[in-house]
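S.K.: Protein sequences, first through last, are from chains P and S.
Numbering-wise, the first sequence is residues 328 to 553 according to our numbering.
Numbering-wise, the second sequence is residues 328 to 553 according to our numbering.
Hints should not be assumed to be uniformly reliable.
You can't tell identical chains apart in this list, so a pair holds if it fits in one copy or across any two.
Okay, derived cross-link-like pairs now, SDA-like style, lysine to any residue, Cα gap no bigger than 20 Å in a straight line [stated by the list, open to error]:
| no. | residue 1 | residue 2 |
| --- | --- | --- |
| 1 | K432 | D490 |
| 2 | K432 | R522 |
| 3 | K415 | V543 |
| 4 | K332 | R544 |
| 5 | K432 | D483 |
| 6 | K432 | L407 |
| 7 | K432 | D486 |
| 8 | K415 | N383 |
| 9 | K332 | E508 |
| 10 | K432 | I497 |
In short, the hints are calculated from the structure, not lab data.
Number of protein chains: 2
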Amino acid sequence: MDIRKHFLHQLDELRERVLYMGGLVETAVHHSLHAVTDRKPELADLVTEEIEPEINHLEVEIDERALQLMALQQPLAVDLRFVAAALKIGNDLERMGDLAVNIAKGAPRLLSQPLAAPLVDLPLMAERANRMLRSSLDALMNRNSELARAVLESDDEVDAMRDLIFRQLIQSMTQDPTLVERSLGLLFIARNLERIADHATNIAEEVIFWIEGIDVRHHFAEAPPT
Amino acid sequence: MDIRKHFLHQLDELRERVLYMGGLVETAVHHSLHAVTDRKPELADLVTEEIEPEINHLEVEIDERALQLMALQQPLAVDLRFVAAALKIGNDLERMGDLAVNIAKGAPRLLSQPLAAPLVDLPLMAERANRMLRSSLDALMNRNSELARAVLESDDEVDAMRDLIFRQLIQSMTQDPTLVERSLGLLFIARNLERIADHATNIAEEVIFWIEGIDVRHHFAEAPPT
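Excised from the complex, chain P in its bound form (with noise of 0.2 Å):
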């Protein structure tokens, strides 16, 4: 194999297991809200206990993959943003990971108590999310901006989800002050999906900065590139 080639299948591999390391935060962020929502506690202990644990290790392997192309192959330009891309992907999936541990945390607690507070709509919301999350990396995986810019949009639909979910639990302990933990509970679930939206749009914003060389964060808001 010469160099050239050794090296295209070096950035292959490094991809694959970026795309890896996205299904198995994809599995950890609907089983941790299938455990409470389905009330099935097993869910919440194999994303604790099997899940994020080897997230955690994939985020180290790509980090030493990437570093170790960088210092021996010494990409440029697309490659070398491929491999910086590669680097704060695997950040953003590492922290997801975390978020979807703090929600299969907690829920132990929920189900430890009726389900009287209204569930809402944090299965729609977590979907949404992880849409969000499987669009990130289709756009990674097919060298599509277009896929990715759309996912900048979704954003907002996500947030918007939040702050109706707010109002309404906000609503619920206000008018029966027993509710407050459990409700409390569903709100930061609430919190880490939005949270976790917001890491599928930052590796969105890493993929067409990797495809197009455009640094699309904190300009978006204000002017969306057309």
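Once you've looked at the hints, dock chain S against the given chain P.
M.R.: Just chain S now, with coordinates in the frame of chain P:
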């Protein structure tokens, strides 16, 4: 100036920009909290309108400097680790800026109500989180990995403070439902401060990785390195 000197000069410049960005983040955290505790909404505006945009701008600048250094100078070993650490630290600092903005944006609402809910120990928690950031930055400036390791230990203290504050606020909400909204506001401040401390911990880990080449993420809790 010979090539090596020029390279070292660029590394120093990169570090100075990271340190400058870190100083802005400290100010943002301090002002956003004091907007609430000292009832000074103008401090919140300062964070949102002046400081955070500059923090965002610095993240982009640091990314560009780091990528340029990687492309043109192809640093190796400890230098490569430093450039990679600068990329990550810039990212952490930018998110800390966002968290300070979260606190600042909640200020007007909290200030529109009488200060009936206890302010608990938010100022102490903010001061502790900022001290962690300051130590991480000092460790970066002085290449002092011992100082960075001390930061990792402080994180547990901040988490304990958050637990105490949460308990106090939940109790006050449960006893008096009219306090729900403002207690929630304080609770979110505690949550944001906790995450600010988490990012300070990340920075300390990145400094250790730079200096020692040892990845302490995901291991510290089980077996503190000696």
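S.K.: When the hints from earlier in the document are held up against this structure, which numbers fail?
M.R.: Checked against the structure, the hints that fail are numbers 4, 6, 9, while the rest are satisfied.
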